[in-house]
Amino acid sequence: MLGLESKYAYATGRVRVLETRLLDRGRIDRMIDAPDLEGALKVLAEAGYARAQLSEKAHPVIDDITAGEEERLAALIRETTPEPQLVDFITARWDFHNLKVMLKAKLHRVPPEKAWARHGTCDVATIKRAIEGETKDLPRHLAEALSAAKAAHDLHAMPETIDIAVDREMYRYLLARAKSLGIQYLVDLVQMEVDLFNLSVYFRSRRMGRDRGFAAEAMVPGGKVSPMRLVASYEQPPEAVVASVAGTGYEALARQAAAALAEGRPLAELERLSEAVMWDRIRKARYVPLGPEPLVGYIFAKLHELKLVRLILVAKLSGMSRESIRERLRDVHV
Amino acid sequence: MDVTVGMILGFLGIALAVALPGVGSATGVGLVGSAGSGVVTEDPDKFGQILLLQVLPGTQGIYGLLAGFVLMMKLGVFSGNVLRLTTFEGFLVIMAVLPIAIVGWLSAIHQGKVAAAGVGVVAKRPEELGKPVTFAAMVETYAVLAFLASLLLIMFGLPLKGVA
Amino acid sequence: MEVRVSPTRMQLLRLKKRLGMAERGHKLLKDKRDELMKKFLDLIKKEQALRGHVEAGLAKVLPAFLQARAAMSREALEEAFMAPKVSCGVDVSTATIMNVKVPEFTWRGEEARDVHPYGFCGTSASLDDAVAGLAELLPKLAELAEVEKSIELLADEIEKTRRRVNALEYVLIPNLRSTARYITMKLDEMERGNLTRLMKVKDIVRAKQA
Chain G
515 MLGLESKYAY ATGRVRVLET RLLDRGRIDR MIDAPDLEGA LKVLAEAGYA
565 RAQLSEKAHP VIDDITAGEE ERLAALIRET TPEPQLVDFI TARWDFHNLK
615 VMLKAKLHRV PPEKAWARHG TCDVATIKRA IEGETKDLPR HLAEALSAAK
665 AAHDLHAMPE TIDIAVDREM YRYLLARAKS LGIQYLVDLV QMEVDLFNLS
715 VYFRSRRMGR DRGFAAEAMV PGGKVSPMRL VASYEQPPEA VVASVAGTGY
765 EALARQAAAA LAEGRPLAEL ERLSEAVMWD RIRKARYVPL GPEPLVGYIF
815 AKLHELKLVR LILVAKLSGM SRESIRERLR DVHV
Chain A
132 MDVTVGMILG FLGIALAVAL PGVGSATGVG LVGSAGSGVV TEDPDKFGQI
182 LLLQVLPGTQ GIYGLLAGFV LMMKLGVFSG NVLRLTTFEG FLVIMAVLPI
232 AIVGWLSAIH QGKVAAAGVG VVAKRPEELG KPVTFAAMVE TYAVLAFLAS
282 LLLIMFGLPL KGVA
Chain D
10 MEVRVSPTRM QLLRLKKRLG MAERGHKLLK DKRDELMKKF LDLIKKEQAL
60 RGHVEAGLAK VLPAFLQARA AMSREALEEA FMAPKVSCGV DVSTATIMNV
110 KVPEFTWRGE EARDVHPYGF CGTSASLDDA VAGLAELLPK LAELAEVEKS
160 IELLADEIEK TRRRVNALEY VLIPNLRSTA RYITMKLDEM ERGNLTRLMK
210 VKDIVRAKQA
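Residue numbers (my numbering), protein chains in the order written: chain G, 515 to 848; chain A, 132 to 295; chain D, 10 to 219.
These aren't lab readings, by the way, just hints derived from the structure by calculation.
Among the clues, some could well be false.
What the hints assert, rightly or not - Now the stretches of chain G that chain A is said to cover, found in silico as 3 or more residues with beta-carbon under 8 Å:
1. 518-524
2. 531-537
3. 801-813
This one's a predicted model, so the numbers in the text were calculated from it and none came from an experiment.
For each residue, glycine too, the CB sits at the ideal point set by N, CA and C.
Make the full structure from the sequences, and use the hints.
Here you go:
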């Protein structure tokens, strides 16, 4: 009768302490108010971030910090849970990313070095061999994504078809993984991610002027709102999408994004709203006393935090004003 | 010595009284222990407070053992002359221990959950230790009530005579 | 101004011819300069409008790009732009404005509609805006380059023409004039000398006869 609760008790204990070390409102404010990048990094260093020092080349530092924290998060999962597959929710993205990189490098004859990410679990040689046809060392989910992407690219030789095919396989894999772990909260979060992704595809591809077929192709099934329902309103005025998502909790987001689309305002708003919706759900894990939710919630909260950190640091680096940073972060945190 | 069915049932009663709350307590203490070691890994200073929370679900096991002891005395286990119970008396014994057996078992697990949740509170606000302890102690009430019921039943409700 | 010419009638004739030519050249060059100036001003006006447009466009694109950078990891950004999608280029030919060779860039790009070479996951909507904005600006940028280069070349040409006009107006023509005057004076003087000499001779001859 305890099952998951005792399985994740240790993780819950650790996460409860780690949660106190997540960046709170005060720290975020101090980062925003810091006079420059160095000041913001100092706040991060205080908050226990590794590698938060300024070096000569400022840009890579930001990516180093977030990558370092992701590695620490993965290590935490490996240490605390009997379900190492949870790590997938951090590393699988990078594996799929690297697959895209190598495939694009091969099909479009461009050097892959700059885009290659180091934090995947699957090494470059394996993926390279797999693309050449030797797929036996490649994990199955990647192999499936590879063949899907190849097939899609054969049909339309555009670089984005690779991305779209691989993305779809990635979400499919993450959804299946969440379901196989039997953690409903995790399934909810991934489904929510899929829904928000589909909504962003809807609005962004409309803004790009792509046709309905393209949008339907780029959307991912498995969320709470089916892609079919979304694209049904594709050729109608933007407000029509609000009806498609009625009763799902995304109405406010859809309404504001539709207004932005109709008035030609930047869609960056959409991303802020998505983050806010997601954050709302992530926070709920704090009120679950025991079980896998605290750990899962912490994983997503930390990933969310890393996004904020990147945003603030890049903004600091480029001297964006405090007000516009605050505007970008509205409703997104705490 | 002839063994009667009643004796077997009586011993089963003792076993139930000791074992079920014991299992429950072990589960509860284990749960709090796991959560607690998670906290201690990150913050070793909290050991004392967490230990306090961890022992709370352990009491049901003690109640079970106490009920078992009283029952053993009643059945004359210590005098070396075990009462030869009739079958009906055996059933009565089992009925008498059921409150502590069932409530002790389940309440220990629930108390473990509450205490483990309390560990989360301690991790965030160590100064608020009193509150999670109170929450966990509320669960204890029902274990105490059940223990009381079982104890009264065993002491006064069992006019055991045995087979002549 | 020193004049080193033999003051002969022949020279004077040649000088007069040169002067006439110089004056005609001066007038022509002046006309050319004025016309160049007019063209130049037209181009400047065009350039200002274009530059305003391009700069306003860039002012929108760059913050969008920055936002995209803030929302995406370096790897994701690199990956998004790994493979190009729309190829474009410029055909360079030359046109002439008032005999000045100026470049002419003809934009040769595919229909700038589907310019986004990446998928939706891990990329930001700001990136879409930035890419679309740049795709729209690129032909304008080529046009701006064409206009600005033309302006530069025209400015050079105007400068050169003006120098020539000035040289003609302030150096060559006054020189020729003064030389011609000098020769005329010299010739007149020789004439007068001759006359005096003749009169003297006549006087001597008359004295002898008398």
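Verification of the hints:
Residue count for the stretch 518-524 of chain G with a Cβ under 8 Å from a Cβ of chain A: 4. That meets the three needed, and the coverage hint holds. Restraint check on the stretch 531-537 of chain G versus chain A: 4 residues with Cβ-Cβ distances below 8 Å, three needed, restraint holds. For the stretch 801-813 of chain G, the stated coverage by chain A is satisfied: 3 residues place a CB nearer than 8 Å to a CB of that chain, which reaches the threshold of 3.
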